[in-house]
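Chain order of the listed sequences is S and Y.
Position one of the first sequence corresponds to residue 2 (my numbering), numbered consecutively onward.
Position one of the second sequence corresponds to residue 357 (my numbering), numbered consecutively onward.
Fair warning: there could be bad hints in the mix.
With a Cα cut of at most 25 Å, we get these calculated SDA-like pairs of lysine to any residue [to be verified]:
| no. | chain 1 | residue 1 | chain 2 | residue 2 |
| --- | --- | --- | --- | --- |
| 1 | S | Lys28 | S | Met113 |
| 2 | S | Lys174 | Y | Ala767 |
| 3 | S | Lys43 | S | Asp248 |
| 4 | Y | Lys636 | Y | Ser585 |
| 5 | Y | Lys636 | Y | Ala1111 |
| 6 | Y | Lys626 | S | Glu50 |
| 7 | Y | Lys455 | Y | Pro477 |
| 8 | Y | Lys626 | S | Gly56 |
| 9 | S | Lys174 | Y | Ser585 |
| 10 | S | Lys28 | Y | Ala500 |
| 11 | S | Lys174 | S | Asp237 |
| 12 | Y | Lys626 | S | Lys43 |
Hints are computed from structural coordinates only; laboratory data are not their basis.
Treat the numbers as computed from the prediction; the structure is a model and nothing was measured.
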Amino acid sequence: MRYRIHHSTSLLYDSVVRLARLNLRLKPAPWPGQRVENFALKLDPPPAEIEAGDGPWIVHRHRVILREALSELSIESRFEIEVNEPAPAPEDAPDIASIRAAALALPDLSAMGPASYLFASPMAPPSAAIAEWAAPFFGPDQSVLAAGHALMGAIHAQFSYDGTATSVTTTAKDAFEQKRGVCQDFAHVMIVAARAHGIPAAYVSGYLRTLPPPGQPRLVGADAMHAWAALWCGQDIGWVGFDPTNDVLAGTDHIFVAMGRDYADIAPIDGVFMGGAGQRLSVSVDVEPVED
Amino acid sequence: MATRAPRKAQPVDRLKDYPVDVDAGDLFRHAPPEVAAKWRMMAGGLNTLAQDSGLSAQELLARQIADMGMSFRMTGDAEERSWPLTPMPLIVGAQEWAKVEAGLVQRARLLEAVVGDIYGPQDLVREGHIPAAVVAGSRYFARAMSGVLPRRGHYIHVYAVDLARGPHGQWRVLGDRLRLANGVGYALENRLALSRGTGSLLSDIHARRLAGFFGQLRQGLSADCPRESPRIALLTPGRFNQSYPEQAHLARYLGFPLVEGRDLSVIDGKLYVRTIGGPKRVDALWRWIDTNSLDPLNFDARSTIGVPDLADCWAGGQVAMANWPGVEVVEAPAFAAFLPRLFQTLLGEDPLLPNVATWWCGGETEADLVRGRLDELMIAPAFGQRVEGLATVQPAHGAQLTPEAREALLAAMARRPMDYCAQEIINLSTTPALIEDRFEPRPFTLRAFVARGADGEWVVMPGGFARLSSSGKIASTLMGEGDLSADVCVVDEADEERFSRVTLTGAPSIRRDGGVLAAQAADNLFWFGRYGERAEMTVRVVRSILGGGIEVDAGASGHPEVRARLIELLANWGALGPDHGALSPAEACRAALVEHDLPGGVAALLNTQRNVGQSLRDRFAPDFWRIASRSLPALDSHRPGVLLRVARELIERFAALSGLGAEDMVRGPAWRFLDLGRRIERALSLCRIARQLEGAGEESDRLNTLLDIFDSQITYRSRYLSAPLRDPVYDLLLLDPDNPRSLVHQVQAIERHIAALPSLREDALPEAPLREVRAVLAPLVSLTVDQFDEPRMVEIEMRLNALSDSISARYFLQFDAAVAGRTPLQG
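With the rest of the complex left out, here is chain S (with noise of 0.2 Å):
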């Protein structure tokens, strides 16, 4: 699949702010099975500096400096892209006891690897209610990929989906406890239940295309930014996006943008500025596919 892909943001402060300084992670990461053509980053006002560069996890990241004082900022980032059919998940994928062993056995610390997937995040830290609640899932002789399934399916069956019971700075555990939430608290429950049981989870942030309702035409800028969790499934299979707000795994629908161990490793926009105020901040997204 193609898609042209168009991400405004607007933030508005409640009184005029000095020395923005922001990072952005709206670039896709080098992915497998994605390319990134004709990226382009528009900010109003217009930055004193932008950096681009690796962020420490699979994450691309743009520096900006906006020295002027400003009251209104605006950021949007448009690319095509090309998603690749993922290879068909295997039919038996390894049990939960090998990859726990695995995992561990790796020696392998890069960004990729899944031992930095397995521990406690800044907003995904271990909760034994969810440990308990999953529990049921991952039985040592399951095989992964059933137990990312049956986990996933849990979620979209037993939480219901809110935007207005969390927010973003909602950990996985308060989440968990109201049983409601958006994409992702229920990322990141899912990413805590796996972790719980010793399989390597990631945060992934993307885009996933919405098909209209039948009969009708899609609406342009109705879509917001997506997230889901990958599980590591051993070395052969690699990360698995399994997508618990929809139930099922990533696919040519979604658009990978960035991987890490929680929402705050690789969140869209952040920073910091000078001055007191209060900040408003809406999102206008739009993946359009685009025919060959």
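Based on the hints, put chain Y in the right spot on chain S.
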């Protein structure tokens, strides 16, 4: 000094009765004869001191501790506690220490090499010497530091290590600390208190001095800085941090500015501290903040104590860091399972100082072994964080788990084995501790410190910080409930060591300025002065209401209406509640003095002043701080006599503080800001009180009260034979520059202070605060007293308030309006 005669006194050898417990292995009992002799000399000396002074050795030391203002907090403490130091140090002979020293230096070299590999080529992980999960599992592993090299290749500058001494005198490493060298300041303080409290005793036993170590540490840091004569700052998380008193003490001792993240900013990849004279370069930071919190743009975005873009400064070689961010990864307990083998791999040497045997359960063989020997081992979280199945982060004895706890632990370990490690059980040897008037054996652990010297070489502090356990438990925190701390003295046979050390330091270049005054410190000094002065003015008003002046027939502040006006003033100042009308004058006075919930009351003001002062601890002389932090005298009576006595006591305290400030503080910007705050508050109070009394009661009562509050009665009488009249009194209180309590005197002082502060203007024109103070001064020096009517007083008051704002705007930090612990002055 080298030829002092030995003490004549025949000490009672209280160590003679010291219990012998061969199994435990005691530092004194097992000491070679020449070292045991030092123990006896020390014990005898302490005894003699106690006899000579009539105080116990503990009391002697407690006085030193109180004088030095030594304190600490335990987790959960709201208030600082005074420091529990036992007078008897641990005495370690030079020979025994030499082995420890060599082992520590070797271990420092190893850790340096391990860290260099983890953030460099990562061969150790790739080749299977360290599992990737052991590195990734540490919450202090900073992935963003990969490939970021220190300019001179030095990752570690300060290394603290906990040591245990076994029953047979074998030393072992319990834990490595690279994040924070907690205890290094307390080791210093313990030594200071002990050497001050025990006369020449420490020299008599030839205890090695600590000063050389700190000199080396400082030089080692300087040597890594990009500029000559670098500015090295100590970066603190702030005064609410548990070890803040230690950090403040270290900063003061080493002469490093004590800064918080918000004092610093990064401009073009260089680090600056905001000072009253504009931004000044900082070349090195001794950080007391975790890597994750150092820079919200490059690490944890939620950190509010870091400095945005600080990572750019160190990555660009513009600021040296002690320690290099990320090095604390190796302090995870799990690392201890892999370090012993790395001595051979990386250094080609056998370890001189073993660490406590450790098994990381992330390995299948190890996990099996641990499960099989659970009863013989201590089980601990592998990465120092709470884990399922263990109640705390402290190691738990496998044998002491209940069957249920054991089952839960094994189940949790089966799911996440990598979160656990096991350690052998270690028996600690004991040391004689002076408890009451007897020596008792107490198990101990020792925190030792290693630093880099000027040429990058490793230097071990000849001593350290000993924790004498009350429970026999292994120390993993600095101090536990009921524990004692002790100094550690490394003793030489003769006295030679000492003199060779001093010369290492080299001659510093001469300088006279007061060093860096961070904008925030200036702010705090200013408000310290204002709060103190407001408290003093409130007490003076109270004293006046109670009739404490020298006037013969003033039972209380003369006319009832004058008194009522003063009480109204106290209410306006927030020193009395809205329902003060129901109180008698004495009750009102008591409330204004001691009620903590009255925001403008003396108790609350002094409390706020003390809180602001906490962050200035590195700038105040210990005597000054001791008086400033003294608690209010107890007061449960409404009797005017008692109240008056307390008011007088407080006024004396204020006088003592002003005196110390005037006599002891260098006339630098710090002193100026302290005095500025005081002068502005005094000038404002004068205007305010004069206005408040306008038209109240008989003129003579009113003017007497004014003279009384501003301590000018005697001067008035020596000048005028008449009863107080308006113009002479106002001239004396407002316009006479020779009266140190007059308005013009305050404003002149303010003008001198501001004129002496650094200017940011290159055109040499006066800055706003200076222009504004001159505008206040002009009428005071040019008009006559009959021209001072109420509107003019109101105008001066307004201008003074504007001046205070203008000083804030020019010299202090501009954002962060709500500084924690700060309450606005009312009225």
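Restraint status (C-alpha distance of lysine 626(Y) to glutamate 50(S) at most 25 Å): It holds: about 16 Å lies between the C-alpha atoms, which stays within 25 Å.
Hinted pair lysine 28(S) and alanine 500(Y), Cα distance within 25 Å: The hint holds at about 19 Å.
Given hint alanine 767(Y) paired with lysine 174(S) - CA-CA distance at most 25 Å: holds (21 Å)
Given pair status - serine 585(Y), lysine 636(Y), alpha carbons within 25 Å: holds (13 Å)
Lysine 43(S) paired with aspartate 248(S) [C-alpha distance capped at 25 Å]: Violated. Lysine 43(S) to aspartate 248(S) sits at ~34 Å, over the 25 Å cutoff.
Holds or violated: lysine 636(Y) to alanine 1111(Y), with C-alpha atoms at most 25 Å apart: holds (20 Å)
Restraint status (C-alpha distance of lysine 455(Y) to proline 477(Y) at most 25 Å): Between lysine 455(Y) and proline 477(Y) the Cα gap is close to 32 Å, so the pair fails against 25 Å, i.e. violated.
Satisfaction of hint between lysine 43(S) and lysine 626(Y), Cα-Cα up to 25 Å: Not satisfied, since the Cα-Cα distance of roughly 28 Å exceeds 25 Å.
Restraint status (C-alpha distance of lysine 28(S) to methionine 113(S) at most 25 Å): At roughly 18 Å apart (the allowed maximum being 25 Å), methionine 113(S) and lysine 28(S) satisfy the hint.
Given pair status - serine 585(Y), lysine 174(S), alpha carbons within 25 Å: violated (51 Å)
Proposed proximity, aspartate 237(S) with lysine 174(S) (alpha carbon, max 25 Å): Between lysine 174(S) and aspartate 237(S) the Cα gap is close to 32 Å, so the pair fails against 25 Å, i.e. violated.
Satisfaction of hint between glycine 56(S) and lysine 626(Y), Cα-Cα up to 25 Å: holds (22 Å)
Of the numbered hints stated above, those contradicted by the structure are hints 3, 7, 9, 11 and 12, listed in ascending order.
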